[in-house]
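Asks: In case you want the letters, here they are:
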Amino acid sequence: MPELSDVTRGRLVYGGDYNPEQWPETVWLEDVALMREAGVNLVTVGVFSWGRLEPSPGTFDFGWLDRVLDLLHENEIGVSLATPTASPPPWMSLRHPDTLMVTADGVRMSHGSRNHYCPSSQVYRHYARAIVTALARRYGEHPALRLWHVNNEYCEVCYCDGTAQHFRRWLCEKYETLGALNEAWATAFWSQHYGEWAEILPPRAAPYLRNPTQVLDFKRFCSESLLQCLRAEREILRAATPEVPITSNFMGLFAPLDYWQAAAEQDFVSHDWYPDLTDPTAHIGTAMSYDLMRGLAGRKPWFLMEQSASGSHGARRPPGHLRTQSLQAIARGSDSVCFFQWRASRAGAEKFHSGMVPHRGPHSRVFREVTALGRDLAELPDVVGSPVPAQVAILMDWDNWWAVSGAHLPASIDLLARLRDFYEPLWQLGIVTDFVRPCDDLTKYPIVLAPNLYLLTASDADRITSYVDEGGTFVMGFFSGVVDEHDHVRMGGYPALLADVMGLRIDEFLPQQGSLSCTSELLGEFTADFWADDLSVTTAEPVAEVAEGELAGTPVVLRNGFGEGTAWYVATRPEPAAMRALLAHIASRAGVTASPQPEGVEVVRRGELLFVINHRPEPAKVVVEGKRVDLLSGERVSGATELPRYGVRVLR
Amino acid sequence: MPELSDVTRGRLVYGGDYNPEQWPETVWLEDVALMREAGVNLVTVGVFSWGRLEPSPGTFDFGWLDRVLDLLHENEIGVSLATPTASPPPWMSLRHPDTLMVTADGVRMSHGSRNHYCPSSQVYRHYARAIVTALARRYGEHPALRLWHVNNEYCEVCYCDGTAQHFRRWLCEKYETLGALNEAWATAFWSQHYGEWAEILPPRAAPYLRNPTQVLDFKRFCSESLLQCLRAEREILRAATPEVPITSNFMGLFAPLDYWQAAAEQDFVSHDWYPDLTDPTAHIGTAMSYDLMRGLAGRKPWFLMEQSASGSHGARRPPGHLRTQSLQAIARGSDSVCFFQWRASRAGAEKFHSGMVPHRGPHSRVFREVTALGRDLAELPDVVGSPVPAQVAILMDWDNWWAVSGAHLPASIDLLARLRDFYEPLWQLGIVTDFVRPCDDLTKYPIVLAPNLYLLTASDADRITSYVDEGGTFVMGFFSGVVDEHDHVRMGGYPALLADVMGLRIDEFLPQQGSLSCTSELLGEFTADFWADDLSVTTAEPVAEVAEGELAGTPVVLRNGFGEGTAWYVATRPEPAAMRALLAHIASRAGVTASPQPEGVEVVRRGELLFVINHRPEPAKVVVEGKRVDLLSGERVSGATELPRYGVRVLR
Amino acid sequence: MPELSDVTRGRLVYGGDYNPEQWPETVWLEDVALMREAGVNLVTVGVFSWGRLEPSPGTFDFGWLDRVLDLLHENEIGVSLATPTASPPPWMSLRHPDTLMVTADGVRMSHGSRNHYCPSSQVYRHYARAIVTALARRYGEHPALRLWHVNNEYCEVCYCDGTAQHFRRWLCEKYETLGALNEAWATAFWSQHYGEWAEILPPRAAPYLRNPTQVLDFKRFCSESLLQCLRAEREILRAATPEVPITSNFMGLFAPLDYWQAAAEQDFVSHDWYPDLTDPTAHIGTAMSYDLMRGLAGRKPWFLMEQSASGSHGARRPPGHLRTQSLQAIARGSDSVCFFQWRASRAGAEKFHSGMVPHRGPHSRVFREVTALGRDLAELPDVVGSPVPAQVAILMDWDNWWAVSGAHLPASIDLLARLRDFYEPLWQLGIVTDFVRPCDDLTKYPIVLAPNLYLLTASDADRITSYVDEGGTFVMGFFSGVVDEHDHVRMGGYPALLADVMGLRIDEFLPQQGSLSCTSELLGEFTADFWADDLSVTTAEPVAEVAEGELAGTPVVLRNGFGEGTAWYVATRPEPAAMRALLAHIASRAGVTASPQPEGVEVVRRGELLFVINHRPEPAKVVVEGKRVDLLSGERVSGATELPRYGVRVLR
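Heads up: the protein sequence lines correspond to chains A, B and C, in order.
Per the working numbering, the very first residue in the first sequence carries number 16; after that it's consecutive.
Per the working numbering, the very first residue in the second sequence carries number 16; after that it's consecutive.
Per the working numbering, the very first residue in the third sequence carries number 16; after that it's consecutive.
Since the hints were derived computationally from the structure, they do not count as laboratory data.
Warning: the hint list may mix true and false statements.
[Stated by the list, open to error] Residues from chain B that face chain C, not an exhaustive set, calculated with beta carbons under 10 Å:
(1) Val122
(2) Glu188
(3) Tyr190
(4) Ala203
(5) Glu211
(6) Pro425
Beta carbons are placed, not taken as given, at the ideal position from N, Cα and C, and that holds for glycine.
From just these sequences and the hints, can you work out the full model?
Replies: In structure tokens form, the structure reads like this:
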């Protein structure tokens, strides 16, 4: 199978989305000259070119694209060739209105934006296959071709009648009998018993709460629909060019598509990332998204496909910050730094989205930074392909995400915020984290964390039980282990199958509106909020409890020795300092070394290299072990070293 | 006519909704054993069982329900048998899409939730009659049957074409001629003149304010539609089982259905009540809803059909609180304490709604409290059927509620909040209040209150005038007496027909954004907000006026002697302490005795018994007249007695 | 051409909307008697009378209107006769559902409100022409007729299929070829290339950002649709009564209709104005709307068609304030004071909208004030027709407004707030402002202001360049000069065509979340917010810059000498005092005299008269040059004079 190394070929990839069809050909020559100046070695072409490539059904116009690819090749710039299937041309809507996406309220989308197609539409899929086939035929042998970029940011969710039909077919395959479906969906509740398959619909507009298992299965089905589209394109491309890697770009922590499954369908994982630049801790969320990508890639290198060269959507990237965020991606496992987009558009809905070449042109701060970054990346060939070691795993599961986002739960759960409650203190402790699935092999990690793992299958519960039994350290957040794969509560006290591992049994969930004062020998006094449980201890030992008020004495952190291992339960949301102290303690007990840095500084080892990154606009002082060389500046570093604002050192 | 005493038979009813169809039959045996342990003597069965009882059109499956009723009967547990018509099965939507409810925007609801039917649909009504007939035939003679529970929480409002047709028919009966309708709807305004009946529609989506009389009549019609459904079921049940009482559960202060009319169609009034448990004054709103139920029941006992056994929807019921709220219901006239539901569901949209038997099972705090409450209730047979005396009446009228909720008024009026402005101080003064209609006999009450009685018919105005003239004390809130039954303003200065009774005439309403400083010999200095009037006094005497600012000198509380009686006008919203002082003064003048208690304590007389209830999580001290026995604890009480947190005494 | 002077005939017009069809004829006699008492000399009749005039298609009933016009004429009250086309009768919706407006989500509006028609509907237009023709025929010769009032507050926007067809036709006329449209709409972006005209739709519901040029062209088209309706009615009326002036009432700063174009289609400009009476600075926004009307009228007098006689929509007009606001209109160029409405309705959606005769009747404060105002206006015949001189112009362009309201810009821009940032300090400085188009002759103004002139055509840029070159003072706000008429960015650094005039070039926009500390020799220390630029100076001289933080040193106010003139650039939103100081400085340099008054006091010269207006509820002292007579009180005034609360003097 082709892989990312077939794209990188020993160099970090540098480039961006290139949309020459928006510009006169005279501009193209300036483009390639500037690309060479900036050190660009790969551009993505054709992402939204369907309307230009197939101006009317079955009529193709490849001339302009031929010239683009030839020009790039002449200039030694590789091409990531995109299939344009994320935005069907207007002719498709006009001729086939049923290719258009429909909301749960029955509103049919119109063309004039993008992503307006129904992914279950057979007509859409037919035309998508045709254009992909044509592209593969025409460019499969083109010497510039380095990778296939399938579609763009898959995200479509449709409730139309055609979708309903496919949903029923998918359910029929899954459940085989209506009886099994009625049981799984618990249709005895609220008189929802289905007597025929034809009665089943997507969870459309309804007067009140909808059946949560229907909603959960629909989310599974929608994800599967997108996967079918991805697979169909991949098969065509694979057959035409077995040696060219294929990817489809992800968007970080994005709910509608199960990225574990999607990653398995691709040759490598690619990522589009637009942090909120007004948030001074954005680099932590960025690190989390990068680590997730590395997890999706099976702990192998991944590909940064899109980021902004400067501000976008109303927030600005300060001078110097572009380099910081880009090298952070390399530190956490990316083998590329790419952008949306090469040249800022002069028209259209994203004309104020930044470009490597901004509206101002090359005589601009942004282009100067872009060019400098190109030079920096050229200094780092050694990093290509190397791994990022981690000793802690966080469990991340799309099925759980979908279930725990239900409208009918005791509290509204934002899984991303709950993940970050665990991730952020680890980041501050300098502990690198992998994201894994509950069904993955956990034994390689001294510590496994499970924030809000509400839905838990029996086999995953078994795997966790064995993991602890055999010596692992398992840290579980509240509202976990509650339901099975059909969103049915396991009876007898939560967390049911994990009750023995955790050494406790929960009677009742106690979501909190205000804040709780807590006390702990280990952690001192701290406040907590959002959640508590009415629980009884069997074998666990309370580590912290509520200090006063209605819930005084209620344990909120517990530890349980189970077999050779230890299970921790965090029944509330401790204030950040307490959570950090708790995780530091747990890490230390499990032999995982923390190396906290000054605020805003990140130190990450990748392969033989140590990345030291200052995410703040003030200088920072960092102490580094041993004598090292900074590959970017050539300076020798030993002991304490000062980093300027947004400064980065890559030390060997 | 059958009545509530046919259900109670000398005992307080204790039980809840029971949904055995969600569980394997093996669980049923545990259920009845636990019910006996808990003192349960009645359960409601079948509320949402349509899909299970009639899995396809006209095919009935009663086997499981036969077994449930037999089992309950064997265990001496009575049955409230529900008609399942609140949630039609999916087969009905598939075969008859026009049975589905449609919003004002034209969005047709889908099945997959509940309450998705159009109440005007003849097809829906046909099938509803059929299933009710089948149930009545099969179980009319069953020895477990104690009452019929019709539908569930009627609430449906539909704007579909079928509804439009029925709306026109209803209008035609009401107005007889188009001319009368055009006059009532004031269609000369904005060119809305109707030339044919066929032109008339429900108030669907429109670009701007809709005709307020059209909206008002549509609300009347929608309420009537629900009443037709209720009547149709009742007729079938009455004919089959003339001796079995019939009820349909209410939901407190709920706008879409005129509960006065609905109460008149039933043998007794039943109530579902889920207070916001995060509100520390929730018990006052609860008391208000209980008093309304007693009013709807014609001051006779009513039936608490649903409450939560513990938390629900994100808020928790603290230990001990279940007993408090339940005995408050008995104190204010309920002859039952029932729950949704017996056993917490393991699946479906309400699986985290609490149950008498929670997910944890019977070895849980909740079930222990449930069992203890069952024992308490068994100690109180004497209370069954006894009345709750009250000397103050609050006027409550659905027509007024609908009209005063209009989008076109000088301020947005929340009638429930305005009712509570009057109710809460009375509760704090220990004065029990009845809710009555303006058209009821008022003469039995020394004091009658009318918060925000915007819509007032001429005959109701006459009744109020006579009431005052003959010696009554009438207290009217602002924005009252403004329009007639067609929402037409009565000319010449508000409150028009009551201007003489109140001794004043209002030029202009002055809704307030900020707060007003007021002064009064009677009440001292106080602040007020929300409203004021530009009024001129004829015979009234100002009691309080604005002290400073633009409105300095404007009277905000006035008293007028009229005939033998007194009319008070409260033209603003005084701060709570001032409103309490005012009502205490009025009560005292009218010979109504206040008996204020420590904060959060409620003392209510019902029949021969005195209920003393502490709604707060701290102990409270209460002084009781005479020597009494606490029926719950057996203790003798005289003079000062201490109540523990959430403590209740029922004294004889 | 007929003009406003044909209506005024030497007197200020005084009156309001009169809707006798809502009242029995007996009331009409009282009406005209009261009108005479109040000094009313003109009323508008028939605005929403379509349903009464044409109760079924093609059947007219003019009898009642005949009687109304005769009665008014007998009483020497002129008539503004309205075409009733703003609210088609229900029969039109029933027979022709496609005359109903449809939202972008596909929701079809219903009758029962008003303004529910599709302005592109040929059926609607057919019936509108018919009723207008009938009215013109019947009343063209009526002696009471003084002016035609076409439709009412044009505002309809529709997305239906018929509209789509007209939109395509309009585009076809505009662009001639699909290629030109594809280029203008930049359809290469996101695969929106159109292969046939039939593929083009209004910008209906879409999953993400819509094509901004499509949206802009649709706004142009919608405005043009309304103009077509206006023109069609005007042609009929003009042909029938060439000597009778025609107007259609505006609503201040209202986006959907280009009022410059609409003004050009009428004989004079009329205005409906309902300020937010809870805002203590409402009079400044009112002044702005009045100045805009004078601009739309080509600096000639305009007509105040609607205001409220007292409170409306929840806010109250304090005693005395009616006179203040009315005379402010006269001061700023109105030759009329009219109201909605003569007599407050007793029913319908606007029954709590105030009337000159309120619900209370004539024995009310409001009617007393109305009558007094009538007397005041009768004292001011000299003002009729006279001009209001101004030395400063603000550029206001609907095309720019539409473009700068796009959803895809670096920040969400509220153009009205940005206009007010410039207008309010000028008002406080006592400098009267004209609103003009960028394409108007600017040379008569010493100073021209351009807040947020995002869209700028090349010819307008030329005109501004020449204006400065020849000695003008041009003050430009941020985010100006960015795009051309197709919303395409002009490359090479903003503000592109104006970069030389401004002496600077902007690399990047820096919208601000928080506040900036700034420093300036001219203005001292001040704060600013909302915006900054990353810019480089060519010839401009920084006047103020950011003092600290990330952007320290960034210029935020710059001055550039260009040719004979000066260009100022305000790159941020300075706090009000700094903005006022800056504009005072600029005015002084340009020889424009400021005459600041005590807070809330306005002094405006109109013709020979000086209006001195106190907008606050406290007395104010004003110094007046020379010896003058107050036409309202007859008092002689020289030097300092005291104005009571809300007091006005009109000095000669």
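Asks: Could you run down the list of hints and mark each one as holding or not?
Replies: Cross-check of the supplied hints:
Evaluation of the B:Val122 hint against chain C yields a held restraint, the C-beta minimum of about 9 Å falling below 10 Å. The closest approach between the C-beta of B:Glu188 and any C-beta of chain C is roughly 20 Å, which is over the 10 Å cut-off, so the hint fails. Hint on B:Tyr190 is violated. Least Cβ distance to chain C is approximately 15 Å, over the 10 Å limit. A hinted interface residue such as B:Ala203 counts as satisfied when its beta carbon comes closer than 10 Å to some beta carbon of chain C; here the least separation is about 4 Å, so the hint holds.
The interface hint given for B:Glu211 is met, as the beta carbon of that residue sits about 7 Å from the closest beta carbon of chain C, less than 10 Å. Because the smallest distance between the Cβ of B:Pro425 and any Cβ of chain C comes to about 5 Å, under 10 Å, the interface hint for this residue holds.
Comparing the model with each numbered hint stated earlier shows that hints 2 and 3 do not hold.
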